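Model the placement of chains B and C with the ligands on the given structure of chain A, informed by the hints.
One-letter residues, chain by chain:
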Amino acid sequence: MRKLRLASYWASACGGCDVAILDTNEHILDIAAVADIVFWPVAVDFKYSDVEAYDDRSIDVCLFHGAVRNSENEHLARLLRQKSEVLVAFGSCAVSGGIPALANFKRREDILNRVYRESPSTENPESVLPQPHFTAGDITLDLPDFYRRVYALDDIVPVDYYLPGCPPTPERIWEVFEVIVSGQLPPAGSTVGVADHSLCHECSRVKKEKKVKTFYRPHEIIPDRENCLLEQGLICLGPVTRGGCGARCIAANMACRGCYGPMPGIIDQGAKFISTLGSIIDEDRVEDAGAVIDRIVDPAGTFFRFSMAKSLLKGARQP
Amino acid sequence: MASGKAVDAVFRVDPPPAAKKLRELYYSSHYIHSHIAHFYALAAPDFVMGPDADPAVRNILGVVGKVGLETGAAVIKHRAMAQEIQALLAGKATHPVWTLPGGVSKGLSREEAGRVQKVADSQVEFARFSLQIFNDVVLANSGYVDIILSDAYRLETSYMGLVDSANRVNFYDGSVRIVGPDGVETGRYRAPEYLEHVAEHVEPWSYLKFPYLRKTGWTGFREGRDSGIYQAAPLARLNAADGMATPLAQEACEKMYATLGGRPVHAVLAQHWARLVELLYAAERLRELAHDPEITSDEIRIIPREVPREGVGIVEAPRGTLTHHYVTDERGIVLKANLIVGTTNNNAPIYMAIKKAATAAIRPGVEITRGLLNLVEMAFRAYDPCFSCATHALTGDLPLKVLVFDAWGDLVRELT
Amino acid sequence: MDVFEPKIIGFLCNWCSYAGADLAGVSRLQYPPNFRAIRLMCTGRIDPTFVFKALAEGADGVLIAGCHPGDCHYTEGNLNAARRYHLMMKVLEDFGVERGRVRLEWISAAEGPLFAKVIRDFTEIVRALGPFNQAAESGAGDTVCAS
Ligand code: SF4
Ligand code: SF4
Ligand code: SF4
Ligand code: FES
Numbered sequence: 001m002r003k004l005r006l007a008s009y010w011a012s013a014c015g016g017c018d019v020a021i022l023d024t025n026e027h028i029l030d031i032a033a034v035a036d037i038v039f040w041p042v043a044v045d046f047k048y049s050d051v052e053a054y055d056d057r058s059i060d061v062c063l064f065h066g067a068v069r070n071s072e073n074e075h076l077a078r079l080l081r082q083k084s085e086v087l088v089a090f091g092s093c094a095v096s097g098g099i100p101a102l103a104n105f106k107r108r109e110d111i112l113n114r115v116y117r118e119s120p121s122t123e124n125p126e127s128v129l130p131q132p133h134f135t136a137g138d139i140t141l142d143l144p145d146f147y148r149r150v151y152a153l154d155d156i157v158p159v160d161y162y163l164p165g166c167p168p169t170p171e172r173i174w175e176v177f178e179v180i181v182s183g184q185l186p187p188a189g190s191t192v193g194v195a196d197h198s199l200c201h202e203c204s205r206v207k208k209e210k211k212v213k214t215f216y217r218p219h220e221i222i223p224d225r226e227n228c229l230l231e232q233g234l235i236c237l238g239p240v241t242r243g244g245c246g247a248r249c250i251a252a253n254m255a256c257r258g259c260y261g262p263m264p265g266i267i268d269q270g271a272k273f274i275s276t277l278g279s280i281i282d283e284d285r286v287e288d289a290g291a292v293i294d295r296i297v298d299p300a301g302t303f304f305r306f307s308m309a310k311s312l313l314k315g316a317r318q319p
Numbered sequence: 320m321a322s323g324k325a326v327d328a329v330f331r332v333d334p335p336p337a338a339k340k341l342r343e344l345y346y347s348s349h350y351i352h353s354h355i356a357h358f359y360a361l362a363a364p365d366f367v368m369g370p371d372a373d374p375a376v377r378n379i380l381g382v383v384g385k386v387g388l389e390t391g392a393a394v395i396k397h398r399a400m401a402q403e404i405q406a407l408l409a410g411k412a413t414h415p416v417w418t419l420p421g422g423v424s425k426g427l428s429r430e431e432a433g434r435v436q437k438v439a440d441s442q443v444e445f446a447r448f449s450l451q452i453f454n455d456v457v458l459a460n461s462g463y464v465d466i467i468l469s470d471a472y473r474l475e476t477s478y479m480g481l482v483d484s485a486n487r488v489n490f491y492d493g494s495v496r497i498v499g500p501d502g503v504e505t506g507r508y509r510a511p512e513y514l515e516h517v518a519e520h521v522e523p524w525s526y527l528k529f530p531y532l533r534k535t536g537w538t539g540f541r542e543g544r545d546s547g548i549y550q551a552a553p554l555a556r557l558n559a560a561d562g563m564a565t566p567l568a569q570e571a572c573e574k575m576y577a578t579l580g581g582r583p584v585h586a587v588l589a590q591h592w593a594r595l596v597e598l599l600y601a602a603e604r605l606r607e608l609a610h611d612p613e614i615t616s617d618e619i620r621i622i623p624r625e626v627p628r629e630g631v632g633i634v635e636a637p638r639g640t641l642t643h644h645y646v647t648d649e650r651g652i653v654l655k656a657n658l659i660v661g662t663t664n665n666n667a668p669i670y671m672a673i674k675k676a677a678t679a680a681i682r683p684g685v686e687i688t689r690g691l692l693n694l695v696e697m698a699f700r701a702y703d704p705c706f707s708c709a710t711h712a713l714t715g716d717l718p719l720k721v722l723v724f725d726a727w728g729d730l731v732r733e734l735t
Numbered sequence: 736m737d738v739f740e741p742k743i744i745g746f747l748c749n750w751c752s753y754a755g756a757d758l759a760g761v762s763r764l765q766y767p768p769n770f771r772a773i774r775l776m777c778t779g780r781i782d783p784t785f786v787f788k789a790l791a792e793g794a795d796g797v798l799i800a801g802c803h804p805g806d807c808h809y810t811e812g813n814l815n816a817a818r819r820y821h822l823m824m825k826v827l828e829d830f831g832v833e834r835g836r837v838r839l840e841w842i843s844a845a846e847g848p849l850f851a852k853v854i855r856d857f858t859e860i861v862r863a864l865g866p867f868n869q870a871a872e873s874g875a876g877d878t879v880c881a882s
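Protein chains in written order, with the numbering used here: chain A, 1 to 319; chain B, 320 to 735; chain C, 736 to 882.
In isolation and in its complexed conformation, chain A is listed as follows:
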């Protein structure tokens, strides 16, 4: 059998998705047995120019992690789309913006100002900002253009499969890889490496009636390890989040933050979660319910932690 040609690339990413691929551990050798890695900046020394020289669609599968935040990210997204037969949005950042897309609550100017002018360790008497095109003598140095907001991969190019998670768990990555090798690909556009049920379904905690009298923040209580965290008053996104991770955070006695993305059929994970919480608050008088709700701080950042770029509103409206 011809060896597969595999690529992996990080755009606006933290590197955790690369580590997750390495975490398939001994399977890395199985992968190497059936695939040639033709581009993987963190581990293999091929360069952009090598990829440019490849034939169109000659990479069988490209795992693209990271969101798109600048012109270099966009350029590579387009290049890898052109060179790849199958493009996978790998990890929450590529799927839905992930943590980087929380920056969509802020204006680009404010971000640049904070980092390069205002932060207390910065000494910048001349108020210099990084320049996309910097000229010294007759050399021009180009830096990537820092975009106004953060995009998910499919805002830029068509994507064949989505593999969510921050990062996706190694078990799921390996399963998806086995499917790729088998050639039995699911329909294009599918979300892979996930369950069709909610995280609550695979969470082993005891669930009773979901009725909550008050909410707590993670540092305010020590929850027991047996009962549903949401019923104990912790904001757990389990009900609106896809299963697949094996309830990892719950195992550490912490609530789910929603990295596996919305359940099938939900178009906006955060908006749906508002709906869920609205129905479980155990107060009938509107004012009392309001007081309970006011104990939830930073609801937007919490409910859209991984899905900001794909939320219906895309980001905060900038004055």
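Keep in mind that a hint or two might mislead.
[What the hints assert, rightly or not] Using 27 Å as the maximum straight-line C-alpha spacing, the simulated DSSO-like pairs for lysine-lysine come out as follows: (1) K825(C) / K210(A); (2) K825(C) / K655(B); (3) K825(C) / K106(A); (4) K207(A) / K425(B); (5) K396(B) / K437(B); (6) K211(A) / K437(B); (7) K742(C) / K213(A); (8) K385(B) / K3(A); (9) K47(A) / K655(B); (10) K213(A) / K425(B); (11) K106(A) / K655(B); (12) K396(B) / K3(A); (13) K425(B) / K208(A).
[As the list claims (entries may be wrong)] Computed from the model, here is a short list of chain A residues facing chain C with C-beta under 10 Å: (14) D55; (15) L129; (16) V179; (17) I266; (18) I267; (19) A271; (20) D294; (21) I296; (22) A300; (23) A316.
[Stated by the list, open to error] Here chain A is said to cover these stretches of chain C; the calculated rule only asks that three of the stretch's residues, wherever they fall, bring their Cβ under 8 Å from a Cβ of chain A: (24) 760 to 772; (25) 785 to 792; (26) 829 to 838.
Hint data in this document are derived by calculation from the structure and do not stem from the laboratory. From a predicted model like this one, the values you see are computed outputs, not experimental measurements. Don't be surprised by glycine CBs; every beta carbon is placed ideally from N, CA and C.
Relative to chain A, chains B and C with the ligands alone:
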């Protein structure tokens, strides 16, 4: 981990001793995973395969092919076990959801501690084995030793690293100690005082800022005692300390300095050796903590009672001193943050190291090959495979572009 | 310059507010034509997703209207709606959506005049706020949007 310590400070709460030990245990395991990955996947290809080997094989898979499947399997197994311990405590090895102001969310059962003990024993052996490989493959090859000690990879700057009260390397806690290029202490600070010692310079041609020693000031890209440039990461940590807190690592550390001509060592590529010394320390420390009776205590959290406001947390990340500084509102929601992350510390040194390596390698009459360019990149890889975390909001590997000019300033070649 | 005519979407419960709107209509009460009604059986059916989607797809204001507390035909539907509304408004605020753009009202089947007044007031408030530009627009200038 730095953010965990920063929120302790924000909420003005001191975690119970067991929680601190658990955090350090977790963090030792994190170091093991990170250092194994950095050494075997990023550094070893250059040394085991040779700097000018074909990129198709100059990678971890090529290394496995050459050192044998058995060694390859041991590398993978030990990195995997290090990740397993992190996941055991924190749910996930990457992006743990486990530190909270005042402690950690989950402890270690007696049974789990037993598992950690077993893993730690194996990690100590593996770290020694890795040092042996370094000895056999790199040190036994005088060609490599010459490269390591050559002027092309020598950078004389100040160094920075976290030390305990006896000035020994510590990853989780202590004071940051700064030594000059002559190895003499020039500064020392606890987390809240970081702004008195470190500042960052901005250049229009880089999204990444350039930290320097505030007391010396920004003096440009210069080496030496009067320059504000300092380095962080493994070699710098060893240079900034007087030794290691565990016996085998101390021995390995002494051997390194004896071989390379005493403290401090300015050879950029000795970074890889220092990394392995740290690997051994992390493994030994993991073993010590796993045997500590307090590690299975239930006292792992204190609920904070103070009104949160501002805090700084510092740890040593595998790639350098990591500082998190938050200012919050009275609910603890971050209003302002300032981070100086591992590799950012080394930004100026990386540019300087690359320039030196390039100047040495690219000379009239020498044909510019990919192997030669790789010699330049090796200066970079000593520090960090990834600039992504170091650029805050920005990302991407910085593609290295070499423009070669002739004596009249005309561009003769451009390589990327 | 063209006068800005806001687009307003209303989610109305079948039993009270939709009937109230009907009454306003048959009574020939005047209210601005900017309003487009979507009928639901109960406000309890309203998922904040509807409101987000309306705003994302061009609405400048969204009205949710249902039976007065205690009068919901499904007992608790409007309570649910009120709790969701309260939380949703906090979220929308963080998204930079002005408070005036989304509104919750209790309007019974008999309150035709009230319905007409709410629409008149609301239209003016939204008109004063100006068009709702979605955040996606703030990406204008990124090369992504150009291609
Ligand atoms: S999805 Fe998570 S692990 Fe992957 S790149 Fe994004 S932040 Fe990192
Ligand atoms: S809400 Fe969270 S803790 Fe409760 S069952 Fe669902 S996933 Fe488990
Ligand atoms: S529990 Fe939730 S946040 Fe944690 S890994 Fe699973 S989906 Fe992600
Ligand atoms: S039926 Fe009108 S609000 Fe429920």
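Which numbered hints are broken by the structure, listed smallest first?
-> 6, 7, 9, 14, 15, 16, 24
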